[in-house]
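Read off the chains here:
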Amino acid sequence: MASIIVDNQAYTVDERQNLLAACLGIGLNLPYFCWHPAMGSVGACRQCAVKQFKDEHDRCGRLVMACMTSASDGTRISIDDPEAKAFRASIIEWLMVNHPHDCPVCDEGGECHLQDMTVMTGHVYRRYRFPKRTYRNQDLGPFIRHEMNRCIQCYRCVRFYRDYAGGRDLNVFGAHDALYFGREQDGTLENEFSGNLVEVCPTGVFTDKTLFHHYTRKWDLQSAQSICPHCSLGCNTTPGERYGILRRITNRFNSEVNGYFICDRGRFGYEYVNSDNRIKRALLRPELDRTKPAKPEGVPQILGVAADRLRRARGIVGIGSPRASLEANVALRSLVGPHQFFLGIDEYEHKLLSTILNILRNGPVPSASIHDAEQSDAVFVLGEDLLNDAPRLALALLQSVRQQPMERVDELKIPRWDEVAARNAVQDRRGPLFVAGYRRTWFHDYATDSYFAAPDDIARLGFAVAGTIGADAPSVPELTNEVRGLAQRIADALTQARRPLIIAGMGSGSQATIEAAANVAWALRQRGKQPRLSFVLPDCNSLGLALLGGESLNGAFDSISQGKADTVIVLENDLYRRAEQARVDAIFDAAKTVIVIDSLEHRTTAHADVLLPAATYSESDGTLVNQEGRAQRFYRVFVPDGDITESWRWARDLAHAKSQETEGSTGVATWRNFDDAVAGTAAAVPELARIGEVAPSADFRVAGQKVPRQPDRYSGRTSLLSHLTVHEPRPPTDPDTPLAFSMEGYRGPIPSPLIPQFWSPGWNSIQALNKYQDEIGGPLRNEMPGLRLIEPVATKAPFWFTAVPPPFKSTPHRWLLLPLSAVFGGEELSCRSQAIAERMSEPFISLHPSDGARLSLEDGRTIELALQRTTYRLAVHFDPSIPAGTAGLFLVPDGSGLRLPVWVDLSEAIKTGRKRRVA
Amino acid sequence: MTYVLNLLTGLWIVFKRTFTKPVTVQYPEERPYLPPRWRGRIVLTRDPDGEERCVACHLCAVACPVDCIALQATEDPTAHERRYPEFFRINFSRCIYCGYCEDACPTYAIQLVPDFEQSEYARRNMVYEKEDLLISGTGKYHGYNFYRVAGVNIRDKDKGQAENELPPVDVRSLMP
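Those protein sequence lines, which keep their order, are chains R and H. Counting along the first sequence from 1, when you hit position 485 you're at 485 in my numbering, and nothing is skipped either side. Just add 919 to wherever you are in the second sequence, counting from 1, and you've got my numbering.
So here's chain R without its partners, still in its complex pose:
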């Protein structure tokens, strides 16, 4: 800790920071542009000038850039010094010389860092009377709008895009006062994190194109904390709503999880909430006659009919969902009873998930948060395509490769925040990152070594690494010299690291890679290291569902086909994605009543006799458990139209209606509000007992007040609905949370899950976050970063997995079809959003060129593939990274219930006009 004096006031700060971060951490206002808490200082904009004094006798002082000066002990500076103030004002004036006169039509207006800083420095009138420089804009694809005139040349965009996120297609061009930040030519920004440019850019050069289509100012957005439902990482987001339409998603800082950035799937995948395919009314099939389509009906009548059916049912089967909240799943479980509740994932997925849960629960190695991943100094990825399945984790690993070279930076006594000097010292050095997989992406360019092989061979590499590290770990017979050498290098790198991280997951559908990853981590643990494990899971609440326990979908299907049950309740789940079409059809035909609770129309909802419209994540409260085992709360942002309500409330209403005539109400039927749902969830499974501690309960008040979801500048309160009624209906009440659908309430320090959006007087942009932290980049004040539900006992002995698979052998007539994922289109909900849909690729099959030649196929050609009684139209991609003897298959998520990997005779399955037999 260092003591610094700012304007004759002494403060204690962390001496590893720069003065700018220190001053902002104290709560002082100091303007800046090019510095970013996650990206360090480059001293490019000269905006944070302060006056530094040698000692208390120094009256003269000298101007220094706060972002480029260490907060060393005894530093004496002045922010309010007249000369420093004049300097900062002149910098802004220069920056504004060419700034166009278009704030009224700029999407950044109202949350613009440049506006804030201009006001802060007091620049009011443009004195420069000469013409303004102009630029032509580029079309940067469906996510980002470009308006280059507004640029102030701070370089943050290229520093984020190229240095932080590993992008290649955005750069700075031109020279002197005609710099251009864009692509070499028009075209979609390819990087998976391009959406962060919207927040990184201090002004309106890069703005959110999806927001542009239904533009609303920040001050008009009703917001609340949310958790991204589009992958298993559980990044925190802040959705904003106006006029009943979800307008946009911004990143929400959580020091343990996503920090300052999220991926484009999370940012632009929200539009399915506004989709035309939303189910808005409760539907009932007339006389439950399957030949007639379901029709809207009054909710009480529908519940009456459903309850009648449930009472008369021979048996009820409840099918849960890995994308529904814990509360919704527990509500259904309580409605149908624990033995009739099935997890809504297929048998194979259940097996993998159980293995992972077993490893996390009973092994000695804890799981890693994204923050841990960023800090790790050696990483081994087994079989996961992180960029497509868990993009934010891939971004964290791009930072982790800087950890080890940073030790050299420390040796040279270069402060870590000094970005230019640090990058200069690091040069091209990268810390160890070993990636084993079966498809090459640009992420592999950052790997120390990449290994492309079939999942079994990847698992063998993992087992070999474990066997090399730990004496007790099973070793692998019949290794090739090449693999043995690689295993040795990986083992060396991992054992030399302080914080090694092993990543595996369910993306490749291989049990062996998961077990191999556990062995590696445990072997490291046995050697006295502090390794962490991270498993990538398919859905946002996969782990939460697994914690609830229960049988897989097979059990549900069996009890219907065996006639034990004739009524099925499906919760937020498209069964056609999870099982073969014929099987699901048969189940729906066999069931007398099908009740479906979901938000979007899909093939399962088409079979519903009773269809109940579920609220999406932005319209409901709930708890999700991410792949780390961290339970996090999301809050309702707005109250939707129609009959839409939370899934757990539908389950409650069904239970209530059902129990009216039989026994007295118990379980879910007694739930009145969300607190009851949380209590019910906590009571359901011992591991969830502390779920109530994730966020404050509904009776939380500060000064007797609720927390308003609307900013205090929220406009149009008396005219929003005046075209419908002039009587200004009372806003919706919220019995479930400490938040209110109002502008009125307490605005001050509150626990982090309750902060509706980050704002502070004078700080309208997302950079207002600085005002919510005691130390810049550190945790929020009163942060509740979620609750880790699974903490292993570090002293436990590892139970080694010994099932080392035999080496993969390609067979002449059969190919192993492996699942491929895609960041855009690889997830069920986000691919129903327009912007994401524009970025989705067509279904394709990836083949090694040699296999392509064997099958007489050409690259880029379209084929038809007949698999399990379904025919898929696929483009053929030749990809030398796909191991020979295997084929990668990418299908859009609502495409099929195909469970991969599977062995297929491609020469038989491929149906093309000019197909020739294998020679």
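Fair warning: there could be bad hints in the mix.
Straight-line alpha carbon distances no greater than 16 Å define the calculated EDC-like cross-link-like pairs of lysine to aspartate or glutamate that follow [to be verified]:
{"hint": "1", "chain 1": "R", "residue 1": "K132", "chain 2": "H", "residue 2": "D1089"}
{"hint": "2", "chain 1": "R", "residue 1": "K209", "chain 2": "H", "residue 2": "E994"}
{"hint": "3", "chain 1": "R", "residue 1": "K529", "chain 2": "R", "residue 2": "D372"}
{"hint": "4", "chain 1": "R", "residue 1": "K809", "chain 2": "R", "residue 2": "D851"}
{"hint": "5", "chain 1": "R", "residue 1": "K132", "chain 2": "H", "residue 2": "E1082"}
{"hint": "6", "chain 1": "H", "residue 1": "K1078", "chain 2": "R", "residue 2": "D139"}
{"hint": "7", "chain 1": "R", "residue 1": "K209", "chain 2": "H", "residue 2": "D995"}
{"hint": "8", "chain 1": "R", "residue 1": "K132", "chain 2": "H", "residue 2": "D1077"}
A few chain R positions that, by computed beta-carbon distances, are all more than 10 Å from chain H [unchecked claim]:
{"hint": "9", "residue": "T670"}
{"hint": "10", "residue": "A679"}
{"hint": "11", "residue": "V685"}
Computed footprint of chain H on chain R, listed as stretches where at least three residues anywhere in the stretch have a Cβ under 8 Å from a Cβ of chain H [unchecked claim]:
{"hint": "12", "stretch": "133-141"}
{"hint": "13", "stretch": "217-224"}
{"hint": "14", "stretch": "708-721"}
It should be emphasised that the hints constitute simulated quantities derived from the structure, not laboratory data. These figures come from a predicted structure and were not determined experimentally. The beta-carbon is built from N, C-alpha and C at its ideal position, and this holds for glycine as well.
Once you've looked at the hints, dock chain H against the given chain R.
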């Protein structure tokens, strides 16, 4: 003594008013003069080229102390290629005619005009939509056209064609 004097002074002032001309007029037959800046009914004006001036910046809505302005921005790619309000609604039953919206407006679109005759029997008739607010003229400010000054390009105005602008930079040029 002073008290009586004050009383008499007051009475004298009142008495003097008996011989002055009354300020009341026989409205509506006789109408008072209202200066052009008098704050009455709110209108949305058009620019000198006849296009809607409002660019849907939301500043009037946020400035409004009674929150009686609601609007939604949109961009019509065929008709304008520029931002304008999809709907624009003022609930005059809430309006206090403070004129903050006019002050806030960066394009002179929203103006308060000297017309106060807005009484209605039904409150719902006080809710004005864009069709009711939009006039065909420029109102009090004649020359100003926001898009001729702003840097964004619209259908008939490319980059570099606004007032006081240089032609777009040629990024590929190496000239110093």
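16 Å Cα cutoff - pair K209/R, E994/H: holds (12 Å)
Take the stretch 217-224 of chain R, compare each residue's beta carbon with every beta carbon of chain H, and decide whether three or more fall closer than 8 Å. This one holds; 3 residues, not fewer than the three required, reach chain H with a Cβ under 8 Å.
Find the nearest Cβ of chain H to the Cβ of T670/R and say whether that gap is larger than 10 Å. holds (40 Å)
May I ask you to check that V685/R keeps its beta-carbon over 10 Å from the closest beta-carbon of chain H? holds (46 Å)
Next pair to validate is K1078/H with D139/R; report whether the Cα-Cα distance is within 16 Å. Holds, at about 15 Å.
Hey, K809/R versus D851/R, does the alpha-carbon distance stay inside 16 Å? Measuring from Cα to Cα gives roughly 14 Å; hence the hint holds.
Measure nothing beyond the straight line between the CA atoms of K209/R and D995/H; if it is 16 Å or shorter, mark the hint as holding. holds (15 Å)
Do the alpha carbons of K529/R and D372/R lie within 16 Å of each other, as the hint requires? holds (15 Å)
Are 3 or more residues of the stretch 708-721 of chain R near chain H, judged by a Cβ distance of less than 8 Å? Check passed, 8 qualifying residues.
Assertion that chain H covers the stretch 133-141 of chain R - criterion: three or more residues, beta-carbon distance below 8 Å: holds (count 5)
Does K132/R pair with D1077/H here, judged by a C-alpha cut-off of 16 Å? holds (14 Å)
Could you grab the alpha-carbon distance between K132/R and E1082/H and see if it respects the 16 Å cut-off? holds (9 Å)
Hint compliance for this structure: every hint is met.
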